[in-house]
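Let the hints inform the model, and build the full structure from the sequences given.
2 protein chains.
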Amino acid sequence: MPRARLRNALYAQSGGATAVINATACGVIEAARRAKSRIGKLYAARDGILGALREELIDTSKESAAAIRALRHTPGAAFGSCRYKLKSLEEDRAKFERIVEVLRAHEIGWFIYNGGNDSADTALKLSRISEKLGYPLAAIGVPKTIDNDLVRTDCCPGFGSVAKYVATSIREAGLDVASMASTSTRVFVLEVMGRHAGWITAACGLAAERPGEPPHVLLFPELPFDEGRFLAKVKQTVGDIGYCVIAVSEGLRDQQGKFLAEAGSVDAFGHKQLGGVAPLIAQLVQERLGYKPHWGVADYLQRAARHIASKTDLEQAYQLGAAAVKLALAGRNAVMPTVVRVSDRPYRWKIGEARLEDVANHERHMPREFIAADGFQITAAARRYLAPLIAGEAPPPFVDGLPAYVRLKKAAVRKRLRTPFAT
Amino acid sequence: MPRARLRNALYAQSGGATAVINATACGVIEAARRAKSRIGKLYAARDGILGALREELIDTSKESAAAIRALRHTPGAAFGSCRYKLKSLEEDRAKFERIVEVLRAHEIGWFIYNGGNDSADTALKLSRISEKLGYPLAAIGVPKTIDNDLVRTDCCPGFGSVAKYVATSIREAGLDVASMASTSTRVFVLEVMGRHAGWITAACGLAAERPGEPPHVLLFPELPFDEGRFLAKVKQTVGDIGYCVIAVSEGLRDQQGKFLAEAGSVDAFGHKQLGGVAPLIAQLVQERLGYKPHWGVADYLQRAARHIASKTDLEQAYQLGAAAVKLALAGRNAVMPTVVRVSDRPYRWKIGEARLEDVANHERHMPREFIAADGFQITAAARRYLAPLIAGEAPPPFVDGLPAYVRLKKAAVRKRLRTPFAT
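If you're matching them up, the sequences are chains D and E in order. With this note's numbering applied, the first sequence corresponds to residues 390 to 812, in that order. With this note's numbering applied, the second sequence corresponds to residues 390 to 812, in that order.
In short, the hints are calculated from the structure, not lab data. It is possible that part of the hints are untrue.
No distinction is drawn between identical chains; accordingly, a pair holds when it is met within one copy or between any pair of copies.
[Unchecked claim] Computed list of lysine-lysine pairs in DSBU-like fashion (alpha-carbon distance at most 30 Å, straight line):
| # | residue 1 | residue 2 |
| --- | --- | --- |
| 1 | Lys-647 | Lys-476 |
| 2 | Lys-681 | Lys-647 |
| 3 | Lys-681 | Lys-798 |
| 4 | Lys-622 | Lys-476 |
| 5 | Lys-647 | Lys-700 |
| 6 | Lys-476 | Lys-798 |
| 7 | Lys-476 | Lys-681 |
| 8 | Lys-804 | Lys-521 |
| 9 | Lys-521 | Lys-622 |
| 10 | Lys-799 | Lys-521 |
| 11 | Lys-622 | Lys-739 |
| 12 | Lys-521 | Lys-474 |
Have a look at this one:
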């Protein structure tokens with residue numbers, strides 16, 4: 390019975406959810422199902438790497454083909470994700486060994502980890518410890534982050550859909566403000582995500598096609614906030630066209646490098662928790678210029694907005710998932726499939742491959758030449774890069790007026806280890 | 390030349406823009422074009438009633454049929470709107486007389502005013518002063534308000550699309566929070582519009598189809614905020630299902646009737662300016678329960694979100710515009726077409742008619758039986774009422790990944806009066 394000897398695979402989702410991370414899951418699962426002569430079961434870890442530590446595995450074979458297909462149009466992280474940072478192999482040796490123990494107990498030969506640079510780092514370490522322990526494992530990363538800050542890939546699944554959402558939203562809100570500016574709100578401020586890199590802020594700029602169209606001012610996390618220049622720009626814009634629409638990054642910093650929206654709390658990775666710079670900017674405008682402001686904070690709405698996902702982003706998310714399985718079956722280890730841009734117009738891309746050690750813990754910054762000389766707009770080069778990433782629509786099915794999203798059964802795999810994971 | 394004797398009509402948009410107010414404009418303009426044997430020119434006032442005061446009229450006949458058609462899918466108020474409240478006929482007599490002077494100068498026999506209850510009041514007064522002055526004018530109101538608070542109509546155009554947006558958004562954000570709750574955000578708070586009536590807050594409740602699905606807590610403006618009961622409910626929800634999603638009205642009040650998010654500023658109608666109750670609720674949850682919160686404020690995004698407009702809402706907005714012209718041609722005065730619900734399931738509606746004096750300055754409250762006994766959810770009766778209003782999708786055309794919205798020429802009509810409007 391050669392079937393019995395097939396090794397299993399484990400897929401896990403990591404970090405912040407996106408509108409298309411489940412499309413990657415779908416790509417992984419469908420590719421694994423097609424490779425049933427080579428891969429035994431495809432398990433998914435419940436709540437990301439924590440599921441691997443706790444031996445909380447989900448048997449994806451219990452989900453119907455239709456349910457798996459529906460992952461393509463369902464936001465969130467369907468198997469659960471987590472923010473749980475493993476430290477160095479030395480410091481967290483017991484945890485890494487525990488994961489290998491779980492993998493061994495369930496005869497898992499491939500680990501496919503879907504996340505950002507922290508996750509690439511974890512996958513890399515797992516492949517190293519397995520080697521040291523003599524356990525045969527191939528660890529494959531799959532890129533995912535709305536921050537678009539992974540190196541060695543042209544873009545990251547999740548980003549294109551946020552980009553489409555924020556550009557659409559600011560275009561729509563801009564029309565609203567334009568309608569009312571003569572007697573009501575003159576300045577609208579939209580806060581968007583992107584802690585250290587201004588990719589999402591830059592994407593807001595796509596909404597403006599002709600001079601004078603909103604957004605008029607982009608506040609990038611890359612440039613220290615210059616209050617005087619900012620206020621002068623807002624005043625000039627209101628003077629010229631009657632109103633001003635602003636997109637501000639949650640990660641906007643002052644001249645001393647301090648976040649304007651410093652909230653004081655810290656997440657599991659030691660990242661500062663941000664939120665609330667839009668009301669500060671609105672208040673500044675009101676107090677110093679006397680214009681009536683309104684502000685919005687899209688927060689999770691932007692990264693969960695599957696209803697307005699980019700078709701390009703969706704397709705890349707899916708194909709990268711399928712490519713990860715292909716790499717696994719090709720015997721690759723400690724690598725990640727990437728998006729390689731072949732041409733801007735027409736937009737063409739293909740799947741490439743990067744080594745996890747080249748990706749882990751590196752951060753890709755937005756090129757300075759993407760920001761216009763005055764610091765408040767994007768350049769033509771930025772548009773060339775960004776425009777293809779938001780192209781195409783792929784709306785989910787709607788039932789009774791609302792998107793119909795799938796909830797999986799998430800059937801638990803029977804535990805085989807006697808000891809629970811001790812945190 | 391009988392054509393020369395045709396009287397003209399004036400259309401104006403009032404108050405906050407919506408995703409579908411331009412669909413009403415399209416209905417008005419297309420109906421007027423079809424009635425070219427009876428109506429001369431259809432003018433639009435620039436920036437609402439201010440355009441009538443300032444004699445700033447737009448000649449809609451200069452817009453192509455395609456541009457007018459594109460109003461159906463364009464948010465904002467394409468001709469401009471304003472918040473400018475006319476007082477009583479006695480107090481503001483000079484202004485009302487000025488408007489009649491403008492109407493007379495441009496041979497306008499019909500005034501079609503698209504707005505909420507303040508606008509119904511203005512249209513009514515204008516019809517009365519015209520009568521007193523012996524100027525033949527028919528004033529027709531057309532309902533529009535995301536607040537859904539007009540009496541004598543089953544619903545108000547603009548509301549259904551906001552309802553669809555907030556229910557979609559909270560369903561999507563809910564999936565995101567559910568994915569991450571084990572190690573990250575446990576409580577998400579979305580602030581929605583609706584100053585005095587909880588219609589929009591109630592619409593968030595449509596996202597939950599089965600027990601345990603988000604949103605778990607709705608905070609209505611109708612019910613004074615009870616901190617203790619609220620915190621107990623959040624704690625219980627997190628205990629039961631691991632996370633909690635909350636929708637809060639911008640108009641939430643404390644036990645003394647004071648807005649929680651009192652910002653202190655006041656708009657042109659003397660309404661208090663609100664915003665920012667979500668961060669307060671999030672902070673309360675963090676401080677008192679220790680759960681990590683996230684919060685969003687949709688603000689203008691919700692009422693401008695044409696990309697996710699309700700097809701039902703869109704159709705009603707259009708038909709009410711066309712009906713206003715029909716009423717005008719039927720010789721009606723000081724009336725407003727309304728939506729009459731014929732049945733819930735299947736949803737059937739027809740156009741009705743209300744007198745402006747029955748609509749002006751009244752506010753329709755949400756029935757108490759729409760709020761569940763515990764005050765945190767909606768009832769089956771609320772669902773029956775709300776569900777049809779968000780039904781159907783009618784996405785705008787997309788170009789290069791973004792909704793393609795029309796910008797009109799807004800050709801100015803030559804002024805005929807010698808005196809400008811003195812504010």
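Now the hints, each set against the structure:
1. Lys-647 to Lys-476: For Lys-647 and Lys-476, only the intra-copy Cα distance (26 Å) is at most 30 Å; the inter-copy one is 49 Å.
2. Lys-681 to Lys-647: Classified as both: same-chain Cα gap 27 Å, cross-chain 22 Å, threshold 30 Å.
3. Lys-681 to Lys-798: For Lys-681 and Lys-798, the Cα distance is within 30 Å only across copies (27 Å; inside one copy 49 Å).
4. Lys-622 to Lys-476: neither (45 Å within a copy, 37 Å between copies)
5. Lys-647 to Lys-700: So Lys-647 and Lys-700 fail the 30 Å test inside a copy (37 Å) and across (46 Å) alike.
6. Lys-476 to Lys-798: neither (32 Å within a copy, 61 Å between copies)
7. Lys-476 to Lys-681: Between. Shortest inter-copy distance 23 Å satisfies the 30 Å Cα cut-off; intra-copy 48 Å does not.
8. Lys-804 to Lys-521: within (25 Å within a copy, 86 Å between copies)
9. Lys-521 to Lys-622: neither (59 Å within a copy, 50 Å between copies)
10. Lys-799 to Lys-521: neither (32 Å within a copy, 73 Å between copies)
11. Lys-622 to Lys-739: neither (41 Å within a copy, 50 Å between copies)
12. Lys-521 to Lys-474: This pair counts as within: shortest intra-copy Cα distance 21 Å, inter-copy 77 Å.
In summary, the structure is inconsistent with hints 4, 5, 6, 9, 10, 11 from the numbered list given earlier, while agreeing with the others.
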